[in-house]
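**Student:** Hey, can you work out the whole structure from these sequences and the hints?
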Amino acid sequence: MDWPYSYTIAIAGLLLAFFVRIWRYSEAPLARRLEVFFFLSLFAGSVAATTRLYDPSQLLWRVLAKPPVEATQADQRGFSSELAVAPKSSGPSLSESALTYASPEGGIVDSRFASNGLSGLDRWTAVYDISAHMVYLPNGATLEAHSGLGAHLDDPRYVHKRMQGATPPHVYELALREKPFHGIRALRLKPIGGSGHIFGRSGLLAHTYMLGPKGHSNGCVVFKHYNAFLQAFESGDVKRLVVMAHID
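Each residue of the sequence shown is one higher than the one before, counting from 2 in this note's numbering.
For the record, the hints were derived by calculation from the structure and aren't laboratory data.
One or more hints might be untrue.
[As the list claims (entries may be wrong)] Okay, derived cross-link-like pairs now, EDC-like style, lysine to aspartate or glutamate, Cα gap no bigger than 16 Å in a straight line:
| no. | residue 1 | residue 2 |
| --- | --- | --- |
| 1 | Lys240 | Asp123 |
| 2 | Lys225 | Asp155 |
| 3 | Lys215 | Asp155 |
| 4 | Lys191 | Glu179 |
| 5 | Lys191 | Glu174 |
| 6 | Lys215 | Asp156 |
| 7 | Lys240 | Asp155 |
| 8 | Lys225 | Glu145 |
| 9 | Lys215 | Glu145 |
**Tutor:** Spelled out as structure tokens, the structure:
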């Protein structure tokens, strides 16, 4: 049991014992006894919240981030060796889509992508490796990045899960969001070919950490140092993002 719960249970037990003692041995009227108990409870809660020994928002986060007890059959699908994000009949593979947008004079600067059929990526395309928690910029720089919520964080097996899974592997055009997202100048991830290629998911963005220090998200790509990625986009060095389950 986590310590916030243990603390809460202990305080509740002490208050209950104290209340029972007052109830049994006090000669004060019932209304007075209830009033004392109410103010004691209010005081204990205020002290706990002020000292951050107990934070209700953390309990809400735990509930929202808790994964389902039972996984569906689709949860068992692996993406360890797949570059395509949908059945072959639904559209071109990741490599085909990427090469469609490649520049003849381009070419990814890092040779590690050549063995994955991505050697034709142009010089404006960044690559996000979900399993490695890393985004590789065209100039060779790397940025720590994450996606997914709770138990699905950085796990490419659950990219089909709405609001929980990591960013689906695909090719995304980048565009500045029309309005700030919770005060952040976020980038939209616009899937080439439409949302049908990414399990119908929509509203995916690139932005800084928002759901805790580990980089949890509802499917957006979140960067530890987001400003560096945003600057690369604004300077014209990055125009699109290729998301992969992993790079061998």
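**Student:** Between Lys191 and Glu174, is the straight-line Cα distance small enough, at 16 Å or below?
**Tutor:** 5 Å, holds
**Student:** Is the straight-line distance between the alpha-carbon of Lys225 and that of Asp155 16 Å or less?
**Tutor:** 14 Å, holds
**Student:** Would you mind confirming whether the straight-line C-alpha gap from Lys225 to Glu145 stays at or under 16 Å?
**Tutor:** It holds: about 6 Å lies between the C-alpha atoms, which stays within 16 Å.
**Student:** Lys215 and Asp155 were given as a pair; does the straight-line alpha-carbon distance stay at or below 16 Å?
**Tutor:** 10 Å, holds
**Student:** Starting from Lys215, check that the Cα of Glu145 is at most 16 Å away, please.
**Tutor:** Holds. Lys215 to Glu145 sits at ~11 Å (cutoff 16 Å).
**Student:** Hinted pair, alpha-carbon criterion (16 Å max): Lys240, Asp123. Please report holds or violated.
**Tutor:** 10 Å, holds
**Student:** Quickly compare the C-alpha distance for Lys191 and Glu179 to 16 Å and report which way the hint goes.
**Tutor:** 13 Å, holds
**Student:** Hint check: Lys240 vs Asp155, CA-CA at most 16 Å. Holds or violated?
**Tutor:** Not satisfied, since the Cα-Cα distance of roughly 23 Å exceeds 16 Å.
**Student:** So if I understand the rule, the pair passes when the alpha-carbon distance is 16 Å or less; does Lys215 with Asp156 pass?
**Tutor:** Distance of about 14 Å is within 16 Å: holds.
Checked against the numbered hints given earlier, the structure breaks only hint 7 and satisfies all the rest.
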